[in-house]
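S.K.: Sequence:
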Amino acid sequence: MAMPNATDITKASEILTSISASLSMVGAIGIIATYITWREIRSSPRKILVYISIADFFTAFGNMFSVLMSSHGNDEKLLCEAQSFITTCSSLWSFFWTTFLAIYLYCSVALRKPSLAERLLLFFTFFGWAIPLVITAIALGKGALGDDDNNFSAGWCWIKTKGKNKTEQLLWMLFTGKAWEIATYILIAVFYTALRCYIHKDITRGGGHFNSDTSQQSAIRAERKLTLVPVIFIFLRMWGTLRFILLQVQQPEQFDQQKLDFLVYLQGIGDSAQGFANFLLFCFFTEKFQKKLATFFFSCWKPKSSSVDESNDQLQKHKGHSKINKVDENSPLLSSMDRHP
Numbered sequence: 001m002a003m004p005n006a007t008d009i010t011k012a013s014e015i016l017t018s019i020s021a022s023l024s025m026v027g028a029i030g031i032i033a034t035y036i037t038w039r040e041i042r043s044s045p046r047k048i049l050v051y052i053s054i055a056d057f058f059t060a061f062g063n064m065f066s067v068l069m070s071s072h073g074n075d076e077k078l079l080c081e082a083q084s085f086i087t088t089c090s091s092l093w094s095f096f097w098t099t100f101l102a103i104y105l106y107c108s109v110a111l112r113k114p115s116l117a118e119r120l121l122l123f124f125t126f127f128g129w130a131i132p133l134v135i136t137a138i139a140l141g142k143g144a145l146g147d148d149d150n151n152f153s154a155g156w157c158w159i160k161t162k163g164k165n166k167t168e169q170l171l172w173m174l175f176t177g178k179a180w181e182i183a184t185y186i187l188i189a190v191f192y193t194a195l196r197c198y199i200h201k202d203i204t205r206g207g208g209h210f211n212s213d214t215s216q217q218s219a220i221r222a223e224r225k226l227t228l229v230p231v232i233f234i235f236l237r238m239w240g241t242l243r244f245i246l247l248q249v250q251q252p253e254q255f256d257q258q259k260l261d262f263l264v265y266l267q268g269i270g271d272s273a274q275g276f277a278n279f280l281l282f283c284f285f286t287e288k289f290q291k292k293l294a295t296f297f298f299s300c301w302k303p304k305s306s307s308v309d310e311s312n313d314q315l316q317k318h319k320g321h322s323k324i325n326k327v328d329e330n331s332p333l334l335s336s337m338d339r340h341p
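Reading the sequence shown from the start, the letters are residues 1 to 341 in UniProt numbering.
Just so you know, not all the hints are guaranteed correct.
Below 27 Å or equal to it, Euclidean Cα-Cα: the simulated DSSO-like pairs (lysine-lysine) are [what the hints assert, rightly or not]:
1. LYS225 with LYS201
2. LYS259 with LYS178
3. LYS162 with LYS142
4. LYS11 with LYS178
5. LYS166 with LYS259
6. LYS178 with LYS47
7. LYS178 with LYS142
8. LYS288 with LYS225
9. LYS77 with LYS164
10. LYS11 with LYS259
11. LYS142 with LYS166
12. LYS201 with LYS113
13. LYS47 with LYS288
14. LYS164 with LYS178
15. LYS225 with LYS292
16. LYS11 with LYS77
17. LYS225 with LYS113
18. LYS162 with LYS77
19. LYS162 with LYS178
20. LYS47 with LYS113
Using C-beta positions, here's what the derived DEER-type ranges look like [to be verified]:
21. HIS200 with ARG119: 26 to 36 Å
22. LEU116 with ILE186: 15 to 25 Å
23. THR37 with ILE131: 24 to 34 Å
24. PHE235 with GLN257: 22 to 32 Å
25. GLU168 with ALA12: 24 to 34 Å
26. THR37 with GLN257: 41 to 51 Å
27. HIS200 with LYS288: 15 to 25 Å
28. LYS77 with GLN257: 23 to 33 Å
29. PHE297 with LYS142: 49 to 59 Å
30. LEU133 with LEU171: 12 to 22 Å
31. ILE19 with THR295: 28 to 38 Å
32. LEU79 with LEU111: 45 to 55 Å
33. VAL249 with LYS11: 25 to 35 Å
Think of the hints as simulated: they come from the structure by calculation, not from any bench. All values reported here derive from a predicted model rather than from experimental measurement. Beta carbons: idealized from backbone N, C-alpha and C, even for Gly.
Please build the complete structure, drawing on both the sequences and the hints.
M.R.: Here's what the structure looks like:
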């Protein structure tokens, strides 16, 4: 069987990256739009999710811009460096805020110190945006950003490979992304596992945060979702990390080119898909979002008088439900993981 040539691989990677990035941008916009539109979901964890979505949007935009630019034969150095700056910085933003969300939830729920979590959020807000900017600015100032000839990316610019030895490339790649990415894998796995264990124990012994049947059912769903958060993040990002490690530890003559090409496809999809994955996990597959979506479409087709009557009925039900679960609604875990669209 004939092996695909480099042009076929590049074209396929560009198509997959563009599709993934487009979906991610739509997903990120969806998360941001629901936060702006629906006031009842404006909690601190949700705000952090919006920050992650902003970062994911710029990452997806930069990746898609680069592959489209490359497919049209435009290899302008300045554009390549600008794209590398945007995607490097936005990826770091995503790593930092994803880690901060895990820490925030752990402090609020497991440690039962919401005031500490809110104080930490002020700290996070400065360092979560500033440190990535400083790191990326240093890399740009030192001439490290640029075209990597797709050796470590899936069609976008990152760390310049020309004129740098392997050690220099490795250090810059660790400094501008990979070290932070691997640290994020470890930290979110630790914090979400600890938080999940706390929730499980709290539900088992009764009382605590989840002292009603409704809140316990919500907490069980949130517990399952907490398992998915680090799993999905690591699953999407691991292909680029695995490819990076293989290229560092193996000699060129040891490369299995077919496997590396497969990793290129997966990296192109995964590195650009975080915004879409978060939209599915935190919005589309949540009960509240589906109810609001159904209500919106129903109101478009239902006669106005019927819609008003049904809205009044729903309002009365909501008021009664709110009285029963007023304490439960204050849980930062439930507000961020289950009780938002």
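S.K.: Return the numbers of the hints above that this structure violates; sort them in rising order.
M.R.: Those not satisfied: there are none.
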